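A.B. asks: Residue-level listing of the chains:
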Amino acid sequence: MAGWFETTFPFAVNLWGMLPPLLQELIIILLQVLPLVIVVILCVAFLTYFERKVIGYMHVRIGPNRVGPKGLGQPFADVIKLLIKEIIIPANSNKFLFLIAPILALVPALATWAVIPVFPGFAIADINAGLLYVLALTSLGVYGIILAGWATNSKYALLGAMRSAAQIVAYEIAMGFALVGVLMAGGSLNLGDIVEAQSGGVTSWFWLPLFPLFLVYFISGVAETNRAPFDVAEGESEIVAGFHVEYSGAAFAMFFLGEYANIILIAALTTVMFVGGWHSAFSGPAFSFMDDTVLAFLREPGLFWLALKMSFFLYLFLWFRATFPRYRYDQIMRLGWKVFIPITIIWIAVEGVMVYAKIGPWSA
Amino acid sequence: MRPSLQQIEQRTRSIGDMLILAYFYMLAFVLLVSAIGVVTARNPVYAALFLILAFVTSAILWLLLEAEFLAMVLVLVYVGAVMVLFLFVVMMLDINVEKDRKSFTRYAPFGGLIALIMFLEIAFVVGWRSLGLPDVAMPVPHDADYSNTKELGSVLYTEHVYAFELAAFILLLAIVAAIVLTMRRRPGLKKQVISEQVSARPEDRIRIVKMEAEKD
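Residue numbers (our numbering), protein chains in the order written: chain A, 784 to 1147; chain B, 137 to 352.
Okay, chain B solo, but in the shape it has when bound:
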C-alpha cells in the first residue's frame, strides 16, 4: 500500500524534527566543550578562539529557535567586532604559560567556591521541578515568511520604545565617558591639522628668489 500524502508529510516532519534534535545535541555538545575550553586553555589566544566558537555555536542554536536576528547580531557584534579587539589585545601579551599555571593553583579554590555559590543560586532560582525538559513540547515552527526581525522591531519601537531609547542613551553616555576618561592633554604634543595641510599653496611654503648670477 502506498502511503498517503498526509502520511508522507507527517513522516518527513518527524524526520525533520529528529534532525533538528540531532543538530541541537551536536551543537550543545560543541558549545559545552568550547565553553570548557575557554577556561582550561593554557594559551590565551586559544581561550579567545574557544570563546569565538562558543559564540558561533550559540548563534546557530538561536537559529534553530527561529531567532535569526539575534543569531546574526551575536555573530556580527561579538564575533565580528568585540572578539577581534580581544584577540588584538591578547596577541600583544607576552604569553608565559608556566606563570599562569602557578596562579591557576593559587586561585582555583577561590574560583571553585564562587562557582559553587553561583551553581547553588541558579539551582535555587530555577528549581528542580522546572527542569522537567522531556515534558516540554517542541516549539511549533512558524511559517516560512515569518520574520523574526520584523516582530522584534514592531515590539521594540512601540511597546518598549522608552526603555529602548534609554538603553541607547546609556550606551552613548558610556562611549562618551570612555573617551573623556582616556583623553589626556599632553603638553608639547605635535599635531597635524589636516585642513591646513590640504589648503597649503606653494606660495605659502616656497619663496622664489630672483638673483643675479654672480660674476667673477
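In isolation and in its complexed conformation, chain A is listed as follows:
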C-alpha cells in the first residue's frame, strides 16, 4: 500500500520496526488523536464566527465583517487577542484551583471524543462501555465550573457556580435516562454498534421510536452546556458573568473553548444516538432510484453525513439563543425534575413494552 514510502525512506521503516510494539501503538493512537483535536478546536473557532453571523442576521445586523474576507479571520483575531492578554489572579483567590479549573472544564469535553464513531468502523477507542464512558466524562465537566466559582472567592462567581451545579445535576439524570432508552433500542453500549443498529434510512433512526427521549436529550444537552435559554449560571443581568467573572486572557479562553467544545460534543452525541450518526439520509430502499444517477454518492455513509447533521444541531443551539428569553431559575429546576425525568421514565416503560411486543425497528 505505502510501497513508495518504504522504498524512499527505508531508514524510517527500519527505525519504526525497532520501536517496541507498545510504543508503536502509542504513536499510532497519538497520530489519531491529534487531527481530531485540531479539527474540534478549529470547529470551535468557526462556530463562534458562525454564531455571531447567524445571530447578527436574526437581529437584522451584519455581524463581524472586518478581519479577512467576509470577516472569516475574526476567530483568529479573537484567539490572538485573548492569548496576549494578562491573566489577572484575584488577591484572595485560591491560586492553584483558580488556574486548574479552566483545564478541568476543557479536558472532559475533548476526552469524550475518543469514543465517538467518526466514520464507518472508526473511533479512536472502540470500547464496549462507550455509552457509559460518555456519561461518566460528561458528568465531570461540572467540576471546572464549581471550582472556578469557589476559587475566585467572589460572591457572583460562587452564585454562578451553585446555579450551574444544581442545573447540571438535575439535567444529567434526564440525559442518563434518555440514554437508557438508546441503550435498550441499540442493544449495546458500544457507540459504533448503536449507529449500526440505525441503518436503513431516516425512519429507522432512533429519533422516531424514541421521539420524546430525543427531545429531552437535546434540550437537556442545551441545559448541560449552560447555553441560552438555560444560561442563568452566567446571567449577565443578575450576576455579571457567573463563575468566570474574574477570568481573563488565556484562562477565559479555556472556558470559552470548553463551552463550545461541549456544544459540539452534544451535537455529535445527539447525532450518533438519535439521527443515525454517519448513516446517509438516502440509504433507505425508497431512494434506490438514485443508485445509477449522479446522486449515487449521496447514498454512501460517511463523515460528511455526521458533519451535516451536527451542523444542523449546532444551528439549533444558535437559533435558541437568538429566540428564547432566559428561563427563571425555579422554572429550570421544575422543567428538569418534574417534567423531563417523568417523561423519560414513562417512555422507557413504553419502550420496554414495545421491545417485548416486538414493535419497532430494532426487532427486525
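These are computed hints drawn from the structure, not numbers from a lab.
All values derive from a computational prediction rather than experimental measurement.
Wrong hints could be hidden among the right ones.
[As the list claims (entries may be wrong)] Capping the alpha-carbon separation at 35 angstroms, the derived lysine-lysine pairs in DSBU-like fashion look like this:
#1 K938/A x K878/A
#2 K1141/A x K938/A
#3 K868/A x K853/A
#4 K878/A x K864/A
#5 K938/A x K327/B
#6 K878/A x K853/A
#7 K327/B x K1141/A
#8 K878/A x K868/A
#9 K327/B x K1121/A
#10 K346/B x K1121/A
#11 K326/B x K938/A
#12 K938/A x K864/A
#13 K853/A x K938/A
#14 K326/B x K1121/A
#15 K853/A x K864/A
Place chain B on chain A using the hints.
C.D. replies: Only chain B this time, still in chain A's reference frame:
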C-alpha cells in the same frame, strides 16, 4: 537468530504484564496518598477534592481488573453526582481552620482508638496467612470482546433478580422517605401554579373599559 513469532508474542505479553503491574503500583500509591489527604487536609474543599481523586483512581484500578461497568458507574455516580453535592455543601461552609485544629487534637485519641479496633478486626477476619500476595497469580485477561456489563446484567437479572429488585425498592423507599420527612407545610406560603399562569388569557386579567372623553 531472529526470535520466533511466539517468542515475540510472549515477550510483548510480559512487557504488557509489567506495564499493568507498574500502573497498579502507581495508581495504588496515588490512591493511598489521596485517601490520607482526605483525612489530613485542613481545608474541607481540599478534603472533598482528595476524595474525588481517590474515587477516580480506584475506578482506574477497577478498569485494570476488566470491571469497566463498575469503574464507569463509580465515576458517574460518586464523582459526577454525589461529590458535586458534597462540594456544594462544603463550599457553603464558613471555613475556620483554627477551630478545626483544636477539635482535631481533642478527637484524635478517640479516632485513633476506633482506627486501631477496625484494623484489628480486619486483621482478624482476613488473617495473616491469606495475605500471601506474591503467591497469587495474575488474573488471566479475557478476550477483547468480553463485556463486563453483559456478564453483570445476565447474572443480576436472572440469578439475583429478587435481591436486585428488593434493593431497588428499598432505595426508592429511602428517596420517598427523605422527601416526606423534609416536606413541611408552612401556613401562608405563596405558591405559583404554573398551569394557571400558562392558561391565563388577557381577558382574565385586563378589563377594557370604554369611557367617554371628559368635556369641560
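A.B. asks: State for each hint whether it applies.
C.D. replies: Checked hints:
1. Among the hinted pairs, K938/A with K878/A is consistent with the structure: their alpha-carbon atoms are about 17 angstroms apart, no more than 35 angstroms.
2. The hinted pair formed by K1141/A and K938/A fails the criterion: a straight-line CA distance of about 55 angstroms is larger than 35 angstroms.
3. Straight-line distance between C-alpha atoms of K868/A and K853/A comes to about 26 angstroms, which keeps the hinted pair within the 35 angstroms bound.
4. At most 35 angstroms may separate the alpha-carbon atoms for a hinted pair to count; K878/A and K864/A meet this at roughly 23 angstroms.
5. For the proposed pair K938/A and K327/B, the alpha carbon gap of about 28 angstroms is at most 35 angstroms, so the pair holds.
6. Proximity of K878/A to K853/A is assessed by CA-CA distance (about 41 angstroms); at most 35 angstroms being required, the pair is judged violated.
7. Using a Cα cut-off of 35 angstroms, the hinted pair K327/B and K1141/A is violated, with the two alpha carbons roughly 45 angstroms apart.
8. Proposed proximity of K878/A and K868/A is supported: the alpha carbons are some 18 angstroms apart, at most 35 angstroms.
9. Restraint check for K327/B and K1121/A: the C-alpha separation of about 16 angstroms stays at or below 35 angstroms, so the hint holds.
10. As the CA atoms of K346/B and K1121/A are separated by approximately 43 angstroms, the hinted pair breaks the 35 angstroms bound.
11. Restraint check: the Cα-Cα separation between K326/B and K938/A comes to about 28 angstroms, which is no more than 35 angstroms; the hinted pair holds.
12. About 28 angstroms separates the Cα atoms of K938/A and K864/A, which keeps this hinted pair within 35 angstroms; it holds.
13. Of the pairs offered as hints, the one joining K853/A and K938/A is violated, with about 41 angstroms between alpha carbons and a cut-off of 35 angstroms exceeded.
14. With a C-alpha separation of about 19 angstroms, the suggested pair K326/B and K1121/A falls inside the 35 angstroms cut-off, and the hint holds.
15. For a cut-off of 35 angstroms, the pair hint linking K853/A to K864/A stands: about 19 angstroms separates their Cα positions.
Of the numbered hints listed earlier, those contradicted by the structure are 2, 6, 7, 10, 13.
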